[in-house]
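Could you build the full structure based on these sequences and the hints that come with them?
There are 2 protein chains.
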Amino acid sequence: MKKSASSLFAKRLDNLAKVAVYVGLRPVLGQQVILSAPIEALDMVRLVTKHAYEAGASLVTPLYDDGTATISRVKFAAEGSFDTAPDWLFKGMAAGFENNAARMAITSEIPGQFAGLDTTRIGRSAKARAGAYKIASEYITAGAINWNISPAANPAWAKQVFPDLPPKQALAALWNEIFKATRADEDDPVSAWNAHNAELARRKAQLNARNYQSIRFFGAGTDLTVGLAEGHAWAGGETVGKNGVTYNANIPTEEVFCAPHNLRVNGYVLSTRPLSLQGQVVENIYTKFENGLIVDAKADKSNDTFQHLLNTDEGSRRLGEVALVPHSSRISKSGVLFYNTLFDENAACHIAVGQSYNKCFVDGKTAAKDDLIARGANQSNAHVDWMIGSNQINVDGICQDGSIEPIMRGCEWVNA
Amino acid sequence: MKKSASSLFAKRLDNLAKVAVYVGLRPVLGQQVILSAPIEALDMVRLVTKHAYEAGASLVTPLYDDGTATISRVKFAAEGSFDTAPDWLFKGMAAGFENNAARMAITSEIPGQFAGLDTTRIGRSAKARAGAYKIASEYITAGAINWNISPAANPAWAKQVFPDLPPKQALAALWNEIFKATRADEDDPVSAWNAHNAELARRKAQLNARNYQSIRFFGAGTDLTVGLAEGHAWAGGETVGKNGVTYNANIPTEEVFCAPHNLRVNGYVLSTRPLSLQGQVVENIYTKFENGLIVDAKADKSNDTFQHLLNTDEGSRRLGEVALVPHSSRISKSGVLFYNTLFDENAACHIAVGQSYNKCFVDGKTAAKDDLIARGANQSNAHVDWMIGSNQINVDGICQDGSIEPIMRGCEWVNA
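So the sequences go chain by chain: A and B.
Counted the way our numbering counts, the first sequence spans residues 12 to 427.
Counted the way our numbering counts, the second sequence spans residues 12 to 427.
Don't take every hint at face value.
It does not matter which identical chain is used: a pair holds within one copy or between any two.
Claimed, not checked - Simulated pairs of lysine-lysine, DSS-like, Cα-Cα distance not exceeding 30 Å:
(1) K102 with K22
(2) K86 with K29
(3) K86 with K170
(4) K380 with K29
(5) K179 with K344
(6) K86 with K22
(7) K309 with K191
(8) K344 with K29
(9) K179 with K312
(10) K191 with K29
(11) K253 with K102
(12) K312 with K380
(13) K344 with K86
(14) K102 with K380
(15) K376 with K102
(16) K309 with K179
For the record, the hints were derived by calculation from the structure and aren't laboratory data.
Printed below as a string of structure tokens:
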């Protein structure tokens, strides 16, 4: 009995690694892979690495983050040192992407990891890191290469998600939810993803055909009108990189998303799920927008951390993404709050401050950067999503001629 | 009893990390540290990182090697992919060193880790990696920055060194030998190192005053005359980098070493201890030199791996280092064979094929590369030491006027 449970777990973990490689990243023959992961995700990294080699990768280079080392830095490093970032590493990564290396990240959130530490030091480090990373992340936001983010469980995260279970059972329960959300519980997960990608493609085509000038979220303390960028394109599911490789950026993913016009967002909005940010849990975010700019913002919990995010740069007070997710999505239905954006953003409609994606423009692969900016693309070293959808929220589309159409009611699609 | 043993261990481990940081690397205020280590050395990395921050480092970036991932590559990657190296990463590291980042490595040998795998694939990977790393390693060989290599134990290494002990005791025994060899068993290890560095400085001064044209190793199947480079300088113990920082490159270190003239080495030599190389154990190496070039070479065990090393490039068949270590050194006296060059090279006189060090020239900080090459400096992407000293071996110095002086008998210093 025990043995069969553990062999089922091994099978599903291997399925998840396969999904990450064969659905997510899809490295082509001879391609290098630059992989980052928290040290807690070592086992998952090893499985992904093995499948990536079988899939044709020439070299997988894992870069590990270690929260323990970060805690030492915040506690013991000199006050003057927190604006330093590993610029040399990101310069190297950029050189790798320039030579068509693929980018893989394993995410394994450790909520509250940095609770009690100096948030100013953490915020300064995060800001410096985001600024230095831009030279590399531009290859991602510009859609130059295939990339993927996939999850791994860890005990601290499991405890947060299942606080009432003993540690071992909590970890097993979190893995189980991850397997369900990522379709790794299916016998043939790659086929299941093919069907899901087809459904997301159909939904994108419907929205693109309508070419809305803006969309409005309203209900339960929210009334937010998000103008869409000129020449926007809804994205979601599979993408084709400029390097010609088809990939799924996020595992799991249930969203279709678009580029807001960074000067044309107005109204106010309440978050509907907690946001895990820089090791803190940010709750009940209220933001008010005028002509694209956040003019008022407050979170009930970890407000300092949230304000640090908004103060990253000019673009971090404007939207770079708006996304639609049905309330009945696979992840929403699980009823689980993951405290991890990769999951929670796929349980509800959401917005993100910061950098927008080129693939959210019809001509994103060829248009000049300045042209995209003139059409409403947002520029920032940050990109952070939080959730604004629930069964209390409705979404309307405002057409180019000013007419209004219902898109979602209680965050369910109005059209099949 | 148990508690006090474990608190003594914790104290000594912390001492070792202190030695690595305050004797070895000595990061200065605001300096970045690029740290590499096998994943098995995580605990040691965390301690070193903590002390490095306390010492003034602005940011420590650990890069982990994972043997398990390497095994996956050798087993599963496409045949055409083994000449690929992480050139992007080394380009980034070079940019870091150009901006005065310090370089730290934790070594934790896992002997025989790759036994049974395709040695051609491993050799091709190692050669490609060495070639790509040159852009970064030149900062080390040129003495531009402060750098350090320090050790950490691991269970597989402990089993190799103490095959007759149960695993836990073997690991404790290896740590104990590491603590002794690195002076981490002293109450004030930093003071102990200060005294040791003074002694090495005295020995260097003696040898430099003699300015030998060559040195000869003879006895027990060996008769090797190593011509020294023109304008050579003996090095060992503390060094001052071009960046002005004083550091100890190796922890432990018992050697004084010099640059051979790469065209003036003649004779034959037997190795006296096993060499751990690319996960294999190479034993009983015989090499024959003519005018600096290895014209005949054979190892009784892992000969393939050794031949791959010699075939790295033109310079990997010529010497880049010759070193003197008394047979009565702290590490030799332990009687332990570590199967790790960092230790074993400090138990016996040794030679290295491959790249020579600029600090082994009197004007190494300022002389042009071509000038050093004309005076006998060796160029290679490799640098691998093996041991040739024992109590059966004598060393003579041949003066510039041709006269001969005894330097060591049975590998003990003739002069106090």
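If the cutoff is 30 Å on CA atoms, where do K344 and K86 land: within, between, both or neither? Let me know, please. neither (41 Å within a copy, 41 Å between copies)
Check K191 against K29 for me: Cα-Cα at most 30 Å, and say if that holds within a copy, between copies, both or neither. Within one copy only: 14 Å inside a chain, 47 Å across chains, cut-off 30 Å.
Using 30 Å as the alpha carbon limit, work out where K86 and K22 are close: within a copy, between copies, both or neither. between (41 Å within a copy, 21 Å between copies)
Go through the copies and call it for K312 and K380: within, between, both or neither, with a Cα cutoff of 30 Å. neither (37 Å within a copy, 60 Å between copies)
Please sort K344 with K29 into within, between, both or neither, judging by C-alpha distance up to 30 Å. Only inside one copy: K344 and K29 sit 24 Å apart there, 52 Å across copies, limit 30 Å.
From the Cα coordinates, with 30 Å as the cut-off, is the pair K380 and K29 best called within, between, both, or neither? neither (35 Å within a copy, 50 Å between copies)
Using 30 Å as the alpha-carbon threshold, which applies to K102 and K380: within, between, both, or neither? Both, since 21 Å and 27 Å are each at most 30 Å.
My question is about K179 and K344: at a cut-off of 30 Å on alpha-carbon distance, are they close within one copy, between copies, both, or neither? within (24 Å within a copy, 48 Å between copies)
Under a CA distance limit of 30 Å, which applies to K376 and K102: within one copy, between copies, both, or neither? both (23 Å within a copy, 28 Å between copies)
For the identical chains here, do K253 and K102 meet the 30 Å Cα criterion within one copy, between copies, both, or neither? both (20 Å within a copy, 24 Å between copies)
For K86 vs K170, is the C-alpha pair at or below 30 Å within one copy, between two copies, both, or neither? This pair counts as within: shortest intra-copy Cα distance 25 Å, inter-copy 37 Å.
With identical chains, the pair K179 and K312 could be close in the same copy or across copies; at 30 Å between alpha carbons, which is it: within, between, both, or neither? Within one copy only: 29 Å inside a chain, 46 Å across chains, cut-off 30 Å.
The structure does not agree with the numbered hints 1, 4, 7, 12, 13 and 16 stated previously, though it agrees with the rest.
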